[in-house]
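Residue numbers (the working numbering), protein chains in the order written: chain A, 1 to 303; chain B, 1 to 106.
None of these hints come from the bench; they were simulated from the model.
Errors might be hidden in some of the hints.
[To be verified] With a cut-off of at most 25 Å between alpha-carbon atoms, the simulated SDA-like pairs for lysine to any residue come out as follows: (1) K103/B to A117/A; (2) K6/A to S37/B; (3) K78/A to L95/B; (4) K65/B to P47/A; (5) K103/B to P47/A; (6) K6/A to S100/B; (7) K54/B to D71/A; (8) K54/B to A16/A; (9) K78/A to L50/B; (10) K65/B to T68/A; (11) K65/B to G227/A; (12) K6/A to A104/B.
[Unchecked claim] Counterexamples of contact, computed for chain B against chain A with all Cβ distances above 12 Å: (13) P8; (14) L9; (15) L12; (16) K14; (17) T15; (18) L16; (19) R18; (20) R19; (21) R20; (22) V21; (23) E88; (24) D98; (25) R106.
Please read these numbers as outputs of a predicted model, since none were measured by experiment.
By construction, the Cβ of each residue, glycine as well, lies at the ideal position given by its N, Cα and C atoms.
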Amino acid sequence: MDEYQKGTQGDAKNPAYNQLFAAIDEVRSLSVTDRIGLRLRAEGKSPAADFEPRLNFTIDIELWDAPTQLDREVRVQKIVEKAGGEILSRYIGSAGLIVLRARMRGSVLRTLLELPAIARIDLTPIPDLGERDAPTVTIADATVSPPPDDAPLIGIVDSGSVEHPLLASSLVQSIGVPETLGTADIWGHGTKVAGIAAFGDIRECVARGVFESPVRIISAKVVNDEGRFDDAATIPDQMERAIRALHAQGCRIINIALGDMHRIPYDGGRVSPWAATLDTLAREPDIVIIVSAGNSSSGDRAP
Amino acid sequence: MAKLPHLPLERLDKTLDRRRVPAPVTPPARGSGHAASITTQIDSVAAEQLALPKVEGIDPELILKVQLSAPIQEDTWRTAGFKVLAQEPGGILVLFNDDSELKAFR
Numbered sequence: 001m002d003e004y005q006k007g008t009q010g011d012a013k014n015p016a017y018n019q020l021f022a023a024i025d026e027v028r029s030l031s032v033t034d035r036i037g038l039r040l041r042a043e044g045k046s047p048a049a050d051f052e053p054r055l056n057f058t059i060d061i062e063l064w065d066a067p068t069q070l071d072r073e074v075r076v077q078k079i080v081e082k083a084g085g086e087i088l089s090r091y092i093g094s095a096g097l098i099v100l101r102a103r104m105r106g107s108v109l110r111t112l113l114e115l116p117a118i119a120r121i122d123l124t125p126i127p128d129l130g131e132r133d134a135p136t137v138t139i140a141d142a143t144v145s146p147p148p149d150d151a152p153l154i155g156i157v158d159s160g161s162v163e164h165p166l167l168a169s170s171l172v173q174s175i176g177v178p179e180t181l182g183t184a185d186i187w188g189h190g191t192k193v194a195g196i197a198a199f200g201d202i203r204e205c206v207a208r209g210v211f212e213s214p215v216r217i218i219s220a221k222v223v224n225d226e227g228r229f230d231d232a233a234t235i236p237d238q239m240e241r242a243i244r245a246l247h248a249q250g251c252r253i254i255n256i257a258l259g260d261m262h263r264i265p266y267d268g269g270r271v272s273p274w275a276a277t278l279d280t281l282a283r284e285p286d287i288v289i290i291v292s293a294g295n296s297s298s299g300d301r302a303p
Numbered sequence: 001m002a003k004l005p006h007l008p009l010e011r012l013d014k015t016l017d018r019r020r021v022p023a024p025v026t027p028p029a030r031g032s033g034h035a036a037s038i039t040t041q042i043d044s045v046a047a048e049q050l051a052l053p054k055v056e057g058i059d060p061e062l063i064l065k066v067q068l069s070a071p072i073q074e075d076t077w078r079t080a081g082f083k084v085l086a087q088e089p090g091g092i093l094v095l096f097n098d099d100s101e102l103k104a105f106r
């Protein structure tokens with residue numbers, strides 16, 4: 001800054017460091033409003049005063065990244081856990097993502113909203129699972145060919161699976177993450193996704209009356225029977241456990257087709273910490289994670 | 001591979017121009033008071049954040065929101081002592097510096 005402030009020197013066209021300093025329009029601190037997430041804003045909560053001090057809120061708290069893993073741990077302990085409230089789950093990633101699920105009074109939440117280390121506070125995410133009722137198709141004499149015993153295993157992280165007659169021979173295992181969710185697909189999204197993973201173009205299969213799956217499927221249920229994520233665990237924590245559990249069962253391809261209607265999948269900005277976390281999770285065990293990156297069932301982002 | 005008759009693959013019978021690397025965006029010309037204005041804003045942000053109650057075990061640091069009119073490479077920020085925490089649409093960056101006095105930047 002000192003050099004830039006000296007202005008143009010000698011034959012130079014611009015002051016020193018002009019490319020940096022001349023590009024800056026404004027510098028300011030982040031405000032409370034900056035820290036209120038999109039879901040809370042959609043609920044009409046924008047200034048801190050909208051949070052009734054005596055009411056309890058179940059929220060996700062995201063912290064800005066810190067220089068080292070120890071710094072990240074210290075921030076979580078000294079800033080959030082010490083503030084009060086019940087910490088339900090914490091995810092302290094190594095790729096810049098720090099998220100806590102907490103239940104706390106509005107008064108504590110207001111205090112946290114003032115702190116620079118807090119990146120965002122928001123309601124817990126709800127998956128955008130699209131239409132619930134699948135179209136009914138009647139098929140006479142369908143032939144189902146089971147996959148070979150050594151067919152690749154695809155992990156489907158979704159709302160679970162049902163024992164659909166067309167999928168029965170491909171679906172080799174179902175798990176719940178956490179286990180308390182069970183494995184049954186009550187909401188009805190995971191079975192549809194598993195069908196696409198197993199058969200690809202379903203219309204073509206219907207037209208031919210032949211359902212040949214070249215892959216085996218393992219279902220990991222992360223969405224509860226009401227179509228919501230687990231109440232207590234943060235999404236990154238739940239997803240990491242699901243991905244690791246599927247990998248432990250032999251899956252090297254994992255599909256996550258769960259959108260969030262309040263988030264734009266890619267808005268032109270820097271890669272999000274969650275995307276970086278998925279990259280890390282994919283790189284470490286050398287797996288492929290397929291994530292839906294644009295499907296939304298409603299609003300102006302719907303296909 | 002799935003056959004998708006509703007999505008035909010059509011051959012494009014033309015040669016596209018080679019993609020050219022865009023020229024760097026030149027920041028706007030600034031008056032002589034620009035440096036003083038930025039310094040004042042930074043001083044204000046630093047004073048605001050240093051006035052907050054100290055958290056035991058965490059050294060003073062700054063988290064800034066910067067509005068840009070031209071892009072700046074992440075390496076340039078790193079050289080100036082900043083880490084880019086987030087990039088938002090509209091040329092907005094969130095930056096972190098563990099030196100609350102911003103010695104390198106100043």
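Status of each hint after checking the structure:
1. Distance check on the hinted pair: K103/B and A117/A sit about 21 Å apart at the alpha-carbon level, within 25 Å; holds.
2. In summary, the hint linking K6/A to S37/B is supported, as the alpha carbons are separated by about 14 Å, within the 25 Å threshold.
3. Under the criterion of a C-alpha separation no larger than 25 Å, the hint pairing K78/A with L95/B is consistent with the structure, at around 21 Å.
4. Restraint check for K65/B and P47/A: the C-alpha separation of about 19 Å stays at or below 25 Å, so the hint holds.
5. The suggested pairing of K103/B with P47/A is violated, with an alpha-carbon distance near 34 Å, which exceeds 25 Å.
6. Restraint check for K6/A and S100/B: satisfied, since their Cα atoms lie roughly 24 Å apart, inside the 25 Å limit.
7. For the hint pairing K54/B with D71/A, the CA-to-CA distance comes to about 15 Å; that is within 25 Å, so the pair holds.
8. Annotation: proposed proximity of K54/B to A16/A is violated, straight-line Cα distance about 36 Å (limit 25 Å).
9. Between K78/A and L50/B the alpha-carbon distance is near 17 Å, which keeps this suggested pair within the 25 Å criterion.
10. This hinted pair checks out: K65/B and T68/A have alpha carbons roughly 22 Å apart, not beyond 25 Å.
11. Among the hinted pairs, K65/B with G227/A is inconsistent with the structure: their alpha-carbon atoms are about 36 Å apart, more than 25 Å.
12. For the given pair, K6/A sits about 17 Å from A104/B by alpha-carbon distance, which is consistent with the 25 Å threshold.
13. The claim that P8/B lies off the interface holds: its Cβ sits roughly 14 Å from the closest Cβ of chain A, which is beyond the 12 Å cut-off.
14. For L9/B, the non-interface assignment is confirmed: its Cβ lies about 15 Å from the closest Cβ of chain A, beyond the 12 Å cut-off.
15. With a minimum CB-CB distance of about 23 Å to chain A, L12/B clears the 12 Å threshold, and the non-interface call stands.
16. Once the 12 Å rule is applied to beta carbons, K14/B is consistent with being away from chain A; the minimum gap is 27 Å.
17. Interface exclusion of T15/B from chain A stands, the closest Cβ pair being 29 Å apart, more than 12 Å.
18. Here L16/B stays apart from chain A, with its beta-carbon at least about 23 Å from theirs, past the 12 Å limit.
19. Its beta-carbon lying about 24 Å from the closest one in chain A, R18/B satisfies the requirement of being farther than 12 Å from that chain.
20. Taking the minimum C-beta to C-beta distance to chain A, about 18 Å, the non-interface status of R19/B holds against the 12 Å cut.
21. The beta carbon of R20/B is kept farther than 12 Å from every beta carbon of chain A, the shortest such distance being approximately 20 Å.
22. Against chain A, the non-interface label of V21/B holds: every CB pair exceeds 12 Å, the least being about 17 Å.
23. A cut-off of 12 Å between C-beta atoms contradicts the statement that E88/B is not in contact with chain A; the least separation is 6 Å.
24. Listed as outside the interface, D98/B is inconsistent with that label: its C-beta sits roughly 6 Å from the nearest C-beta of chain A, within the 12 Å cut-off.
25. Its beta-carbon lying about 5 Å from the closest one in chain A, R106/B breaks the requirement of being farther than 12 Å from that chain.
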